[in-house]
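The listed protein sequences derive, respectively, from chains A and B. Numbering-wise (this note's numbering), the first sequence opens with residue 1 and increments by one. Numbering-wise (this note's numbering), the second sequence opens with residue 1 and increments by one.
No wet-lab data here; the hints were simulated from the structure. Please note: incorrect hints may appear among the correct ones.
30 Å max Cα-Cα, derived DSS-like pairs, lysine-lysine [what the hints assert, rightly or not]:
1. B:K479 / B:K287
2. A:K225 / B:K68
3. A:K225 / B:K131
4. A:K225 / B:K87
5. A:K63 / A:K85
6. B:K318 / A:K225
7. B:K318 / B:K207
8. B:K287 / B:K274
9. B:K68 / B:K87
10. B:K287 / B:K529
11. B:K207 / B:K529
12. B:K287 / B:K318
Values in this document were obtained by computation on a predicted structure and should not be read as measured data.
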Amino acid sequence: MAGYILRRVLSTLPVLAIVAVLVFLMLRLTPSDPAAIIAGDYANPQQIELIRERLGLNEPILKQFIIWIGGVLQGDFGESFFYKKQVAELIGERLEPTLSLSLLTILLVVMIAVPLGVIAAHNHGTWIDRLVMGFSVLGFSIPVFVVGYILIYVFAVTLDWLPVQGYQRIRDGVGGWLLRLILPSMTLSVVFIAFIARMTRTSVLEVLNEDYIRTARAKGQTEMKVLVRHALANAAVPILTIIGLTVAILIGGVVVTESVYTLPGLGLLTVDAVLARDYPTIQAVILLFSFAYVLINLLVDVAYTFLDPRIRY
Amino acid sequence: MQEVLTGMTEPVLSVRNLTVRLPGGADRENAIEGISFDIGPREIVCIVGESGSGKSVTAQAVMGLLPKRDLVVTAGETLLQGEDTTKAGIHRLRALRGTRMGMIFQEPMTALNPVQRVGQQIAEVLEIHTKLSGTEQRQRVLDIMKAVHLPDPELMIDAYPHQLSGGQRQRIMIAAALILDPALLIADEPTTALDVTTQAQILRLIKEMQSRRNTGVMFITHDFGVVSEIADRVVVMQRGRVVEQGTRDEVLRRPREAYTKMLVAAVPSLVPPKRAPVEGKLALEAKKLSKIYGRRTFLNRKARIVKAAQDVNFHICKGETLGIVGESGSGKTTVARCIARLIEPSEGEILIEGANVAHLPERDLRPYRRDIQIVFQDPYRSLNPRRTVGQSIIEGPVNFGMTREKAVGKARELMQLVGLSPDALDRYPHQFSGGQRQRICIARALAMGPTLLIADEAVSALDVSVQAQVLELLDNIRKQFDLAVLFITHDLRVAAQICDRIAVMKNGVVVEHGTTADVFRSPQHEYTKALFDAAPGRDFGVQQSVA
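Excised from the complex, chain A in its bound form (with noise of 0.2 Å):
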């Protein structure tokens, strides 16, 4: 087990070092001057071309990256171009509502999404099971965006019990945060609640088929045990498969939702970055990224052998 770990994450490497050319000649050859947006509108030519000799864009492709991917390896993301500070400052400033807001988000998923398929493949068939399918084919038909203003105009601004946007940092008080995340994280889930409820919906039906179902029932045990108990657990690798592969497009939520609501963490740098072609910073933040996302994959894989004995690596 700690080999399969060790062996998952050395194979992370390969994985994130072509993410990292990737990125990198991407920025460098889509027709844009990062050194042309920070000058601004009245720059003449040779201040732009200042800023580039300053930025050092005018290296060869190949130069700048062995710079940059050289101060990577030691744990130095080189600075914005824009805010001017370290990039890894920068990312550490806008982590926590980033994080706080996916965490949250992939809760209250779990905890809607979840009890939701169970009830509704219990319900198979009666208008119980119809009435939550149809709210997920809403769910995932709307998106982020929409659904972020249409809970904005209810609860922030008709009845004026949420605030409408904003973030508050968990050092500074518990409950405002968790107010200021409550509608961000209700914006970014209904997809998700939506597509999991279907996805839990449909493994729990294919266990209720099972003859140990039969069994449990056999023995005399309540609808209750059997469905949480025998069903569920059984259904619980292929429901966890997805809610691996749901945080990686939670991310692309994220950066919509964060906009939406002007939270200050990575997704809303991740736009002003890419408008302002900070290179450094869009680098990094897409490193990070795909390094999560290779994180959780392997969360998942080890978490499959707590969830069924049957898996051993």
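Given chain A's structure and the hints, the job is docking chain B onto it.
Here is chain B on its own, set in the frame of chain A:
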């Protein structure tokens, strides 16, 4: 003696005029119709019937486990010690399940929750129905595990199902069903999925537990060998009705009804019929065939090595049937797959007309593909459900360059040959019964014009009456096409009837090889003897063939 016993005591289960309705669109109105029978304490009643006869529905009705929306009890009652379970509410039913009636199922592989420890699964019954503490529960579980003769209960109690063998899992099921000493045990084909030697042990266990605990047993089976081994009384069912019931000897030796007579007669005898030795041309020869799984590789040095087949030698002549007999894991299917080159053997030669095809790459192998065809065990899964049977039959010949028209013409002939209407070529597999599908599979194999036909447990999934017909068909086409047949089976009765020669396999090795008559008359190897001893209802087979 038996009559006296049941006459004097109150029955444990009394089924009275039970009728269960099928949902609309089924082939008949009721799944079971007006059936009645009794089971006394310490009595084993076998419910016998072919698939679709309603025997499992009866069991589920008693347990209150019928799928609510589809199957409804419309008349009659099932009195469990006087209490009608069909009228009991869900709470009462749950209280009765596990305490007064327990149930075990056909597939011990799937009837246990794979992600829960087996000890927990037995203890679950105690947890539901008693107020015992955790330690008391564990002690009771250990006791019952000992009682069902599981080795090393202290260790096994924390094992997961996949770590146990099929027989051990069925013992776990029996332990869970009997831990609270129910008055009635319902066993739904509990040994069908097990090897003969394991089956014999489980049958012995059920008998032992039942007589020690005064349990009445409702034993559902399709296997007359098992019936003759275990039954006190027999209830024969057909299409939802009770055709005949009586003591074991009455029903098996002096059946009154035509259907029962037909069923009993269809059971293949353990005594092989006389067969003239076959002197055909050599069709296929296997020399020193081995298949080893799990080679140690650079990255995985500790990989487990499984010798699925080792040093297997045999030959088959045209017009001859060679049987490979063995239990699960014996390597018989591995050999079949090597011969058909569905997998590549690790070592050895497979000679077809002198050419060694054992290690040919796919491209060079292709011309030989049509020479060897397989009919698989499960006719429900070996035909593509989205293609008409006609498309399935002509696919092979067309791949080998036959024109569509000619292939269809041939398919029509073959359909007739296997006893089906040529007009049925446009239908889909789900529109046929299991026996018909197996006939289609045979037609599909024959369409390729093979020299060797491999039948891998080809009749194992079929009801006895259908089994007899398909066996006859196989034997007929063997004669008609001068085919060499490699017949893989675990069923000694079937092997006795159809094979000219038999090879007995165990753990990947052929332990005995000889003409069917010799092997059955005087088995040499210990394992072969053990196999024969374990065959259920030996007397039944012998007695029946004498009659």
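Comparing the hints with the structure gives:
At roughly 26 Å between alpha-carbon atoms, K479 of chain B and K287 of chain B fall within 30 Å of each other, so this suggested pair holds. Note on K225 of chain A and K68 of chain B: the hinted pairing holds, with a Cα-Cα distance of about 19 Å set against a maximum of 30 Å. Restraint check: the Cα-Cα separation between K225 of chain A and K131 of chain B comes to about 17 Å, which is no more than 30 Å; the hinted pair holds. Of the pairs offered as hints, the one joining K225 of chain A and K87 of chain B holds, with about 24 Å between alpha carbons and a cut-off of 30 Å not exceeded.
Between K63 of chain A and K85 of chain A the alpha-carbon distance is near 22 Å, which keeps this suggested pair within the 30 Å criterion. Taking the CA atoms of K318 of chain B and K225 of chain A, the gap is near 59 Å; set against the 30 Å cutoff, the hint is violated. The suggested pairing of K318 of chain B with K207 of chain B is violated, with an alpha-carbon distance near 46 Å, which exceeds 30 Å. Taking the CA atoms of K287 of chain B and K274 of chain B, the gap is near 29 Å; set against the 30 Å cutoff, the hint holds.
Between K68 of chain B and K87 of chain B, the direct Cα distance comes to roughly 13 Å. Compliance with the 30 Å bound is thereby established for this hinted pair. Annotation: proposed proximity of K287 of chain B to K529 of chain B holds, straight-line Cα distance about 26 Å (limit 30 Å). Between K207 of chain B and K529 of chain B, the direct Cα distance comes to roughly 23 Å. Compliance with the 30 Å bound is thereby established for this hinted pair. Straight-line distance between C-alpha atoms of K287 of chain B and K318 of chain B comes to about 18 Å, which keeps the hinted pair within the 30 Å bound.
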